[in-house]
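> Just so you know, the protein sequences line up as chains H and A, in that order.
So the first sequence is residues 1 to 335, counted in my numbering.
So the second sequence is residues 1001 to 1531, counted in my numbering.
Just to be clear, a hint being listed does not mean it is correct.
[Unchecked claim] Some chain A residues judged to face chain H by a derived CB distance under 7 Å, without partners named: (1) 1028; (2) 1039; (3) 1050; (4) 1197; (5) 1238; (6) 1247; (7) 1250; (8) 1251; (9) 1391; (10) 1400; (11) 1404; (12) 1405; (13) 1407.
[Unchecked claim] Incomplete in silico selection of chain H near chain A, CB under 10 Å: (14) 34; (15) 41; (16) 64; (17) 65; (18) 283; (19) 290; (20) 296.
If you're looking for bench data, these hints aren't it; they were derived computationally from the structure.
Fair warning: this is a prediction, and the values are worked out from it, not measured in the lab.
Glycine is no exception: its CB is placed at the ideal position from the N, C-alpha and C atoms.
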Amino acid sequence: MAAAFGRFVSTLAATLLGLLAVTFVIGRVIPIDPVLAIVGDRAPAQVYARVRAELGIDLPLWEQFWIYCTKALSGDFGTSVLTTNPVLVDIARYFPATIELATLGTLVGTLVGIPLGVYAAVRAGSLGDQIVRVLGLVGYSVPIFWLGLMGLLLFYANLDWVAGPGRLDVAYDYYVTPVTGMLLVDSLMQGQTEVFWNAVSHIVLPVALLGYFSLAYIARMTRSFMLNELSQEYVVTARVKGLSEARVIWGHALRNAAVPLVTVVVLSYATLLEGSVLTETVFAWPGLGTYITSALQSADMNAVLGGTLVIGTTFVCLNVLSDLLYRLIDPRTRR
Amino acid sequence: MLMRSVRHFVSAAAVCAALIGPAAAATPADTLVEAWQIDDIISLDPAEIFEISTTEIAGNTYERLIGYDIHDVSKVFGVVAEDWTVSEDGKTITFKIREGRKFASGNPITAADAVYSLQRAIILDKSPAFIVSQFGLTKDNVKDKIKQTGDYTFTFEMDKAYAPSFVLYCLTSSVASVVDKKLVEEHEANGDLGYEWLKTHYAGSGPYSIRDWRANEAVVLERNPNYSGTAAPLARVIYRHVPETATQRLLLEKGDIDVARNLGPEQIAAVSANPDVKLAQAAKGTLYYFSLNQKNPTLAKPEVREAMKYLVDYQAIADTIMKNLGEVHQAFLPKGFLGAVNDNPYSLDVEKAKALLAKAGLPDGFTVTMDVRSTQPITGIAEAVQGTLAKAGIKVEIIPGDGKQTLTKYRARTHDIYIGVWGPDYQDPHTNAQTFASNPDNKDDAASKTLAWRNAWETPELGKQVDAAILERDGAKRAALYEAMQKEVMATSPFVVMFQQTEVAAVRANVKGFELGPSFDNNFVAPVSKE
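Only chain A is shown next, with the shape it has when bound in the complex:
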């Protein structure tokens, strides 16, 4: 009896195997499928979006007032805004909205939507709100400061005469996306400005609309039929959450996905030998650095800070662990930013470092801990740095942890050395200058918690320079101010900036027009087509 059922089972299994056959290995012709780690998404509301993957999705689905050329960041142009004029005192910008454009819902885009979107971001006051509120806007005054003056015009009033490029770059960030006022208001509940609804829904006017978000699973974009620009060639774009990078490579080489976004250096090297796969890459604003907590008296010695900068084998790491993933860069402004310093004065020099340590009264080195997020390439860089620091007698004990765990410690200023990444919030130099060079209040409960604060580095003079630079209206003079700041920070700060990230995506050869932009939010999929 049982033997008979076993026989049945075996033959049934054989039939199944025959029916399954070879796996279909191609994505649909009208769909782009990207494998990506998208477990950082917590909201789709542009007023709240602040994570890497959501920012990219917003960039493909929402339009902002202003955009910039991804091949030349200095070229700023209007998107929803047609043009703008700055008042004589430099404190008010008047925007004119393009007429005749529509949201995905079919509602027309007017000045009311732009005003509502900006006011909403300030009132909701979520993580990225400061990008707009730093111009002196608060919940109480925003309705007076951002005012509609006609169907297609509005004014944006600031507390000081900031450098116009600074303001405009801030308005290119995802927090300044224009949302469909009418649609959002229909879903408002208890005066929440539609927040609960927009967290998981869509109200924009970009080339694609968001059809679905399944947390830790997928985001599905669909071509927006009401888009005012050139219609996207592909009907759908799917971001699939694939956490394992080895799995991403497998899926890509099998043709089950079109793009793999998180491959490591060896995987990139391996897939680039495959004629069906090509690489897309772009220098990103993200910097890899490690920093020394100045609460630790040893690390607070100026000679120790300087010695650390001579104890990293920048080029060796760039050629191995960071191969295809980044290049040596030691200033706090990434390449491509206004005033960025691109010469890299430091290289591995153990003797010089030893001399500096001896001068600091530490000829035999010392022991210190480093909090390291357990993810590549961070772990690899940390281990390499550990090796070169040891050459001067500095013993580093690596404390591995989950990203949120190491960050929790960093924010609480209880680390010795923290190694990590920093990405600018918008394309203006102020974003990084502020965080690396300004620390207006070094108390534990300070309101402003910049990176300088996190490392307890007091910067009274530099802070003044940071504040002055945003008011400099002459572009060349402004650039010179940032250059000076970077040189000062490079020489004296507890930050050892090492690399600027290169983002690499491995793409199937039949995919055309796939390009990565300089920032997270301009990896545009709208031009992509398939052969």
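With the rest of the complex left out, here is chain H:
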């Protein structure tokens, strides 16, 4: 156990250091001048020079990196140029919005994707299977922002089924005090049901979209895992023993396919957490993806590095989680 924990810590440390170094170097070689983000286009030369010195970017690269790392170790990720807040404060504010979106998206993707995948595998070659495969292909290859805009046009602009971009209608702003930062949770906790339903009507479309995106992947993988399991001898044995078809599929085959599926679901979750940038842009969703993108465009490197670290840490933690689940589901892997 202690060894496993040690391994976890060292993986985490190595991953983060690697991430930091790469992001840091990229941040310093991109042809964008971070001073401009602060002083603007029209500032006189002496102001420009002073801000440059304040940012420390006149120091050698290794020295800048060293200063950043020692500060980061003590929990100081610096201040964001764009928001003027400490980066940690920003992350605490933007990350929950992304978590809310990605969690619900993964939930939809899993709850719909797995049954669809199982169905497609059981009926391999049938029309239903073809439909599932086309659905998966479309979800996987059509640009997500395009789907987002089309979704907005259809369900928001034309049909009026859902609310538009943003997390809430303007009228409901400021009703809920952020506690977890996840609006659905906070509004329920504070008994603001009206705000809750308004937030639901805003989140439905982006969640459906991300859900579809993750469903496409999960269904495809489920189908191939299940096909593999269904051709195994133990399935034949189970059928010969007279078990019901449902029992064979859901109880035996899916149980065995569940082990690699856990990794698929966790990976899909990680993808939604780090990759929902375009969805966030289309839906004006103030999440971490939007935060890092706008920071990158302004060479706001403290914010970019802080955001990258959070994503990196989440990624490593999710991997460890999938390992743990693996062991839980399949006791053979514990040894």
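Following the hints, position chain A against chain H.
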């Protein structure tokens, strides 16, 4: 088992869908909601504000000493200042502050606040400080030069007898906003003059106060109950950051917002057909231009500079890409400024351009790069110019980039051609004359980095004229000086000024009194009401 849960899930989803129902499509009656790209905000401190959206927010929340009529920029009047007198030698202005007015905090506005605000801007020395410091004020002398002489009077002393209108226009800019001295001093830390606090807080006396700023998300203004003027009809104004212009249009047509600020020409055309939407527009001081780096020997040839001006189809671009967004304008002073030249001598003339190129020894043209910010309408204009330049054999390779990326290159003088926009810092002609026509030191590490410097264009004679014009106290003579400068720059400079921006906002029809002003900081929301 699983089928049952699937059934439950489906029925739960159906219930949810029924409960959500149609989206509520109206903004609150006492709130104005504007969708706008506001990711340029980095500070709310008037001594630091220099971006388009923050300048507008400051204009709605802070008062300055002086203001001007947005329908006739030449009419200057006192706001916090009641009146002023200029000394005989022209070097000192004495201001009298209006009595009986209050800040949003309830503190009275006195001469101490005005003096503190100006001194603070100079001492902090942030980006816009030069607008005030160009009158010979420095950190060391500002306390002697800007002096309180009574509870409601103070003097402003300059190093030269500048044209009074020049000084007054500078004092209408956001850097000269009057901040609440008492409130700011309460939040001072380590002698920072309250800078850290005021970056995210508010200490002004305008019709609205700033309640909240969430970066890349929203700015919320609230009616200031202590405002001395007519109280604003609406209780709140919300600027929501909506980066996608297609999304802005959608929100507007659905009634989820009242104003869309960043629509493109086709979107404007589309929404103007909607009876629930109307347009508000105003000519802004912003100019669209491209410029030729004189470090490139080909572009430095006078004939090439002139030929370029004949290789732009100004009218065609104005009718298409810039439709509703701007009009042809070729002088460095925007329409409405003192001395602005409004005749546009250049039009597309490929033969004339070819003759000029042949004279320069380039009958077959040449190849050159253009740094283009990937945003409309800049990209569209760049592509149109690329097409017409090709007609004379000039092959332009467009290098697209993010705004900060292209600007970084421009400031480092490593571009060939740069296409972009320039907006004046204040309403006096000096602001643009200085940047387009003056380049006192063309070395790479020069202290003054004007647009002329960025293009390595040496202007010894023009520079002298720029310096002389700010000392001319006769308005008509001063205007004539700027007219001459513009004609000279139009004819010989590496700047191809093409258009003056028209700002367009699409507004819901039930919104009354929404008007755009000539500058970024006078898009006032205080008169706005709703039916």
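> Let me know if the C-beta of residue 1391 of chain A comes in closer than 7 Å to any C-beta of chain H, holds or violated.
Violated: closest Cβ of chain H sits about 31 Å from residue 1391 of chain A, beyond 7 Å.
> Please verify that hint: residue 1251 of chain A, Cβ, nearest Cβ of chain H, below 7 Å or not.
6 Å, holds
> Does residue 1238 of chain A pass the interface hint, meaning its C-beta sits closer than 7 Å to a C-beta of chain H?
6 Å, holds
> Holds or violated: the hint that residue 1028 of chain A contacts chain H, with Cβ atoms closer than 7 Å.
5 Å, holds
> Return the status of the interface hint for residue 64 of chain H: holds when the least beta-carbon distance to chain A is below 10 Å, violated otherwise.
18 Å, violated
> Holds or violated: is there a CB of chain H closer than 7 Å to the CB of residue 1039 of chain A?
Result: holds, 5 Å to nearest chain H Cβ.
> Any CB of chain A closer than 10 Å to the CB of residue 65 of chain H?
Because about 21 Å separates residue 65 of chain H from the closest Cβ in chain A, which is outside the 10 Å limit, the hint is violated.
> Can we keep the residue 1050 of chain A interface hint, with Cβ of chain H closer than 7 Å?
4 Å, holds
> Are residue 1197 of chain A and chain H close enough, Cβ to Cβ, to be under 7 Å, as the hint says?
Status violated, d = 11 Å.
> Could you check if residue 41 of chain H really has its C-beta closer than 10 Å to a C-beta on chain A?
6 Å, holds
> Holds or violated: residue 1407 of chain A as interface residue toward chain H, Cβ cutoff 7 Å?
OK, holds: residue 1407 of chain A within 7 Å of chain H, min 6 Å.
> Given a cut of 10 Å on the nearest C-beta pair, is the interface hint for residue 290 of chain H held or broken against chain A?
6 Å, holds
Checked against the numbered hints above, the structure violates hints 4, 9, 10, 16 and 17; every other hint is satisfied.
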